[in-house]
Amino acid sequence: MSGAGTVKLKINGVEVTAYEGETILEAAKRAGIRIPTLCYLDGLSNYGSCRLCIVEIKGSPKLFPSCTTPVSNGMEVITDSERLRKYRKMTVELLLSEKPHVCAVCVANGNCELQDLAKEFGVDHLRFDREWTRQKIDLTHDFLVIDNNRCILCTRCVRVCDEIEGVHVLDIKARGKDSQIIVDMDEDWGSSRSCTSCRKCARVCPVGAIYVRDKPISETKDKDIAQFIISRRRR
Amino acid sequence: MNKVNFATVWLSGCSGCHMSFLDQDERLIDLAEKINLVYSPLMDVKDFPENVDVTIVEGAVGNEEQLHLLKTVREHTKILIAIGDCAVTGNVTALRNTLDNGSEEIIRRAYIELTDVNPLTPNDVPKLLKRACPLNEVVKVDYFIPGCPPSADLINYVLTEILAGRAPNMEGKAKYG
Numbered sequence: 000m001s002g003a004g005t006v007k008l009k010i011n012g013v014e015v016t017a018y019e020g021e022t023i024l025e026a027a028k029r030a031g032i033r034i035p036t037l038c039y040l041d042g043l044s045n046y047g048s049c050r051l052c053i054v055e056i057k058g059s060p061k062l063f064p065s066c067t068t069p070v071s072n073g074m075e076v077i078t079d080s081e082r083l084r085k086y087r088k089m090t091v092e093l094l095l096s097e098k099p100h101v102c103a104v105c106v107a108n109g110n111c112e113l114q115d116l117a118k119e120f121g122v123d124h125l126r127f128d129r130e131w132t133r134q135k136i137d138l139t140h141d142f143l144v145i146d147n148n149r150c151i152l153c154t155r156c157v158r159v160c161d162e163i164e165g166v167h168v169l170d171i172k173a174r175g176k177d178s179q180i181i182v183d184m185d186e187d188w189g190s191s192r193s194c195t196s197c198r199k200c201a202r203v204c205p206v207g208a209i210y211v212r213d214k215p216i217s218e219t220k221d222k223d224i225a226q227f228i229i230s231r232r233r234r
Numbered sequence: 000m001n002k003v004n005f006a007t008v009w010l011s012g013c014s015g016c017h018m019s020f021l022d023q024d025e026r027l028i029d030l031a032e033k034i035n036l037v038y039s040p041l042m043d044v045k046d047f048p049e050n051v052d053v054t055i056v057e058g059a060v061g062n063e064e065q066l067h068l069l070k071t072v073r074e075h076t077k078i079l080i081a082i083g084d085c086a087v088t089g090n091v092t093a094l095r096n097t098l099d100n101g102s103e104e105i106i107r108r109a110y111i112e113l114t115d116v117n118p119l120t121p122n123d124v125p126k127l128l129k130r131a132c133p134l135n136e137v138v139k140v141d142y143f144i145p146g147c148p149p150s151a152d153l154i155n156y157v158l159t160e161i162l163a164g165r166a167p168n169m170e171g172k173a174k175y176g
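Chain order of the listed sequences is S and P.
Sequential numbering from 0 applies to the first sequence in numbering that gives the first Met the number 0.
Sequential numbering from 0 applies to the second sequence in numbering that gives the first Met the number 0.
So here's chain S without its partners, still in its complex pose:
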């Protein structure tokens, strides 16, 4: 890959060629460099809400989310450092403090991307006061459940529902810590006439917030679904 429409940058000291307009995360991925992610999912638009994919760019004191920052010529990117690990650990702790997450009684225990990241960054306790306010659990659908107590607002479900299934049943209401995933115009899931019951939301949920009732979560998760459908559409 070279010539018009491409740029050269350095990631962790290694020279990488990338397409113009591509994100740092995509360029790093192709070069075989892993950057931790959570809200990002291949096949969906990039949202940049979780801040786990932050990287350092030489010449700037700021940290940049690599999933939404485009590459540019001569850019020097660092994807792993003590500073980045410190902030990523803190981000995981903040996500865990924000809702009453109790892994022991969660369907996703052992199959949870947030839990895996906590392990990776050595989160052995939370340094922040926890929020215990109870959130809504919607059990009205025949087999899909949304438990907002476990939601980290990554919006993967919203994006897969809109961009892949094309029905946009799910969305977010309110702002800040009051934000919550809603069905249609904040109605019961069971009475939704736009939901096709395709289960894609449950397949891509990184935690145990949306799941299929009475099914082991390991059987219902299918994180490649968005990328799979997109690649078929292009044929």
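Since the hints were made in silico from the structure, they are not lab data.
Note that this is a predicted model, so its numbers are computed, not measured.
Treat the hints loosely; a few may be bogus.
[Unchecked claim] Derived contacts from chain S toward chain P, CB cut-off under 7 Å, selection only:
{"hint": "1", "residue": "Ala103"}
{"hint": "2", "residue": "Val106"}
{"hint": "3", "residue": "Ala117"}
{"hint": "4", "residue": "Lys118"}
{"hint": "5", "residue": "His124"}
{"hint": "6", "residue": "Arg133"}
Ideal Cβ placement from N, Cα and C applies to all residues, glycine included.
Since the structure of chain S is already known, use the hints to place chain P on it.
Quick look at chain P alone, frame taken from chain S:
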């Protein structure tokens, strides 16, 4: 070699962490050579002794008696380790925190609604705190062993490191929750 004064404490937990501690199996023999057990639900000692070197505490702080005990433990212990998710995050014990009047609601549920005979609110048990909380919200905690329960291997790793005077590195080891 001087033995280390070692204690284990059981607050609002299910004792699963103590079971996991015992699951160290034959490694307990090596551990026994290094420690002098001075207080534990596994032995008959009424008062928490002074001059304890290492104490592991299981369970969240759920009532006033536990709060008092934990403060005594902290005063008398050099290294305090929170063991298991209830001690580390509140976990199942703290689920009542999501209810509006959790402490009253669970007393009513346990002693009145679910009883077959003599439903009454007890007045001779320690008063529940408004919220069950992890240890580090009440006292300074030196090390944390998360897990529900933590594996015997993880407990053994942390204790081995601490008894050898090293700080355990939890990156990639401790399964949160």
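Comparing the hints with the structure gives:
Here the hint on Ala103 of chain S is kept, as its CB sits about 4 Å from the closest CB of chain P, short of 7 Å. Because the closest C-beta pair between Val106 of chain S and chain P is about 12 Å apart, greater than 7 Å, the hint is violated. For the restraint placing Ala117 of chain S at the interface with chain P, the shortest Cβ-Cβ distance is roughly 4 Å, inside the 7 Å limit, so the hint holds. Below 7 Å, beta-carbon pairs count as interface contacts, and Lys118 of chain S has one with chain P at about 6 Å; its hint therefore holds.
For His124 of chain S, the interface hint holds, the least distance from its beta-carbon to any beta-carbon of chain P being 4 Å, beneath 7 Å. Taken as an interface hint, Arg133 of chain S checks out: its beta carbon lies about 4 Å from the nearest beta carbon of chain P, inside 7 Å.
The structure shown violates just one earlier hint, number 2.
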